[in-house]
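Novice: In order, the protein sequences belong to chains A and B.
Numbered per the working numbering, the first sequence spans residues 1 to 568.
Numbered per the working numbering, the second sequence spans residues 1 to 568.
Stretch-level coverage of chain A by chain B, calculated; a stretch enters the list once three of its residues show a Cβ under 8 Å from a Cβ in chain B:
(1) 43-50
(2) 161-167
(3) 394-402
(4) 521-529
Derived Cβ-Cβ restraints for the label pairs, each shown as a range:
(5) Q448/A - D124/B: 56 to 62 Å
(6) D124/B - T383/A: 40 to 46 Å
(7) E228/B - N364/A: 55 to 61 Å
(8) S9/B - G295/A: 56 to 62 Å
(9) S367/A - D501/B: 55 to 61 Å
(10) S367/A - E281/B: 50 to 56 Å
Under the rule of at most 30 Å between Cα atoms (straight-line distance), these lysine-lysine pairs were calculated in the DSSO-like manner:
(11) K525/B - K525/A
(12) K530/B - K525/A
(13) K382/B - K379/A
(14) K382/A - K372/B
(15) K5/B - K206/B
(16) K530/B - K530/A
(17) K382/A - K122/A
(18) K379/B - K382/A
(19) K216/A - K20/A
(20) K20/A - K212/A
(21) K2/A - K517/A
(22) K530/A - K517/B
(23) K172/B - K212/B
(24) K382/B - K382/A
(25) K14/B - K118/B
(26) K132/B - K310/B
(27) K530/B - K517/A
(28) K372/A - K132/A
(29) K118/B - K20/B
(30) K530/A - K525/B
(31) K379/B - K379/A
(32) K122/A - K2/A
(33) K517/A - K525/B
(34) K2/B - K212/B
(35) K216/A - K22/A
(36) K122/B - K14/B
(37) K525/A - K517/B
(38) K372/A - K382/B
(39) K216/B - K234/B
(40) K517/B - K22/B
It is worth saying that the hints were derived from the structure and are not from the lab.
In this text, a Cβ means the ideal position worked out from N, Cα and C, and glycines have one as well.
There are 2 protein chains.
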Amino acid sequence: MKILKVDMSNLTVKEEDATKYKRLGGRALTSKLIHDEVPATCHTLGANNKLIFATGLLTGSGASSADRYSIGAKSPLTGGIKESNAGGISGLTLGKLGVKALVFENVRDDFKIVHLSKDGVKFDDATPILGKDLSEAATWLRDAYGSHVAVWLIGVAGEQRMNLSAIAGQDKDGHPTRYNGRGGLGAVAGSKGIKAIVLDATGVEKNRPNDKELFKASLKQYHGWLMETPGTAKIYPELGTAGLVETTNSLGALPTRNFSIGSMEGYKNISGETLRETILERGGEGTPTHACMPGCIIRCSNVFSDENGKRVTGPIEYENIGLLGSNLDISNFDDIAELNRLCNEYGIDTIETGGALGVLMAQNVLSFGDAKGAIAALKEVKTGSPLGRIIGSGAEVIGKIYGEPHVPTAKGQTMPAYDPRAIKGLGVTYATSPMGADHTAGQTIRAQLNHHSAEGQVEASKNAQTANTILDNLGMCMFSAGAIQGRWDIVADLVSAYLGDKFTGEDIINIANETLKVEHAFNRKAGFTKANDKLPDYFYEEENKASNTVFDVPQEELETIGVQRHDL
Amino acid sequence: MKILKVDMSNLTVKEEDATKYKRLGGRALTSKLIHDEVPATCHTLGANNKLIFATGLLTGSGASSADRYSIGAKSPLTGGIKESNAGGISGLTLGKLGVKALVFENVRDDFKIVHLSKDGVKFDDATPILGKDLSEAATWLRDAYGSHVAVWLIGVAGEQRMNLSAIAGQDKDGHPTRYNGRGGLGAVAGSKGIKAIVLDATGVEKNRPNDKELFKASLKQYHGWLMETPGTAKIYPELGTAGLVETTNSLGALPTRNFSIGSMEGYKNISGETLRETILERGGEGTPTHACMPGCIIRCSNVFSDENGKRVTGPIEYENIGLLGSNLDISNFDDIAELNRLCNEYGIDTIETGGALGVLMAQNVLSFGDAKGAIAALKEVKTGSPLGRIIGSGAEVIGKIYGEPHVPTAKGQTMPAYDPRAIKGLGVTYATSPMGADHTAGQTIRAQLNHHSAEGQVEASKNAQTANTILDNLGMCMFSAGAIQGRWDIVADLVSAYLGDKFTGEDIINIANETLKVEHAFNRKAGFTKANDKLPDYFYEEENKASNTVFDVPQEELETIGVQRHDL
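Whole structure, please, built from the sequences with the hints as guidance.
Specialist: See the structure below:
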């Protein structure tokens, strides 16, 4: 395995041996490289930032739900270290090419298509696909490079270096809808002139596990656990993540009207059950269950079709429903699907987009419940009009533009669809994770405790942050957590067998904690302090009337696991 | 003397004895109160921030150029502590009313006119002047409350809580054109529902010096020095601050085209000499010299008139020429005057406005040199259109909206009109002052050293920061510095004689250093670290071709006088 370093200013490529990083995958690797190689105070869109793609330790091994990869950089949105990961087949293909990490350095003004194959790296002019919707650009790329390639892409938002721009990867059916959504990484790609990355693994030998027998045995054990886990075996394939709507609404945690309250009158219209029924009723190209990665047992994804059965978008996930639906007081799947589709076409993060539109609604620039208005406004992201630019800057910046104190962000990033007053463990994660507000950085919703109480939340978040980091390092989907959390020894066997390097369960945990440590260290150097380990004032001061709670986890407790965390 | 605390949420007033603060004036007092009473991590536009007006120790004493006052708050622009001071007669009138500090707490949604007189505080509905230009609003207030009152006002920008909004005070002729410009304090006033403050000192006894003889003698000495100082005696009355254009252009420090270079081809068209000649030639209401405060010997201000001799705006200062002129590649006084006039009518900081327009020009949203385009865009601040909101958010936020790394700010605030690569002492001040980029926080342009060299700049800035803070505490104009810097004993005599409390020169210095200490302490609690003690990357990396220099004062040296500064 190797690390490829691409200098985008002069389009030269250096190959480095990756042996010293052999025990680090995904987030562990992106964060380590950023910590070691990126000056922490640098401008995120300047020459000193780096954009790093890294495969998880298990990516490509054949283990279910384990083909994820990480993209890292210093984030334009948070100003801190960022890792965002996704499934699909692009990371998998990078792994097939023997590339452990693909590192982009420097900046350029025009846009290139970066093409990787066994013959090396070449750079093509990206002009033909600039300004295009992602579905169109992806079709163009398949036509140009063959339907067997995998791609990464940025959209019009990334071209314009917008804060909410993301990097899209490809699912197993060729749709560029698997998103490294968070942190504005599309803008970093845009600043470096990377419009697309085309990955062609033709003629490359398949990776094989080092210890076939052990691998097979561990895999069987892991897959068995997956099949036994209720979420994995039944809820996700049936309802997808949208199954959460009922849960969070009943907890008072479903963000509604710019996170002003945690439940919505019409929530049944946007529940997982309604989504499934709608998709099944319409038939055609829609499907309520879909695997983004080949061989995934969980299949939490879906495809949403219109009344004629024609594909509109996919997937519609819980986060999209919460942020583009209830948070905007929109309770109609066709409207949510259209907003979701536009996000996918422009290459933008649905969570950040929902946060942005929510603050604009709180400011009466748009109106709660007015889906038409929201759709029209969102289309301006493409034209780059002043309003489009405002939306593209994300919720935190919009708060500054409009002088609005009710902005549901932590470290500059919009909260995912869980009101932190009603699921307080997630509030702790938002406040203390090196990533800012991010449920995938420490999801506590399944922790066995009273989510409305302040008690035990710091411990729950701490454990969840470690567990999520483990998964991010391995390339495993967080939905496998129900099956493997706490069973790290067998996961270690899987990794050992695949890589031929001995890992214990403790090693797996230690590497994750070391990752958190370098991330906090980078953030400290970038200027973060315990003052950043908090939520916006209004979550402490204004009651969520659905849960009858404020966020009241004591600040001193938060700080024990925040940026000052040296216990790791 | 007393402190008045006004709770804007319920319009109640508490009076507190100010004895314990008797040795603190102006910035020393606002910063002390903010440090002690404002939670450092609070939202700047929320209920926990405070907006504080405080008179200098000498304000109202009759000493020349010493009627200044400070306004302080946690700044929406920098996120740190902020003090901005101005001359005119409004602070003077507050002092006459026996109010040492006027503290506004809490927030409200509608707007009030706060009326102070010897009979106490009353609150009137501000609806009649909402949305009006400041000249019109000031006329309305004089008509409503009498022409003998003094006022503070926010404009349409402050009503909209924009980051570049300022608070305008009144000059001795009734024009609301003396600006507490920096830090977005108008937005804080706007969040608290303060549209105007009317100060009526009718029937109030005049403050008299405690020790008449000593006061008279010290005053004579001080005024004598003022008259002997070349800047004070000749340059300022003749050319105003605009006299600096020649100096900075020749140093390569005149910001040109978004601080990309430090000299401008047509600089002679915007020089102090040309300004004076133009004003004199046109005659009518224009005047090249004007005192903002009654009795000021320096008279650096001016009034600019159009070709028919009709007043357009005043004053046109060096900063306005640098930011609204050369920084935008505009070299025509009528255009600069029109931009200046609009800033004064909308209640916005000229420096931040020039910074904002400059970044938009760098992004080709506007065009360098296109004054008509800049004027038309600026008018959108009034309407609050998306573009108007973008301009109103200030240069730093615009950089985030457009993904532009060339943003001439420090701690979120636009640099005044000195390229830090060519006057490196000011670069040190920008990077290390608790106020962010602000020449009045540590002006080194008159320090006797090579401004292009890194040598000695930290020491020069450190001394200047203390000197400027002394002046801010006393209520003295920084243009008196040439006469009194280092002669603190006689200044101490002046203060002692006026207040009847013994001050030595050392006391004066110590109070200033204590002020800097509480400011840095507040900023540390607010989350500032040494990572904030720097300039944007491009000042280190891209040469200013007019001075052939980059900013190269070593970071470790900067940090010795920055936010970590415990030496005070």
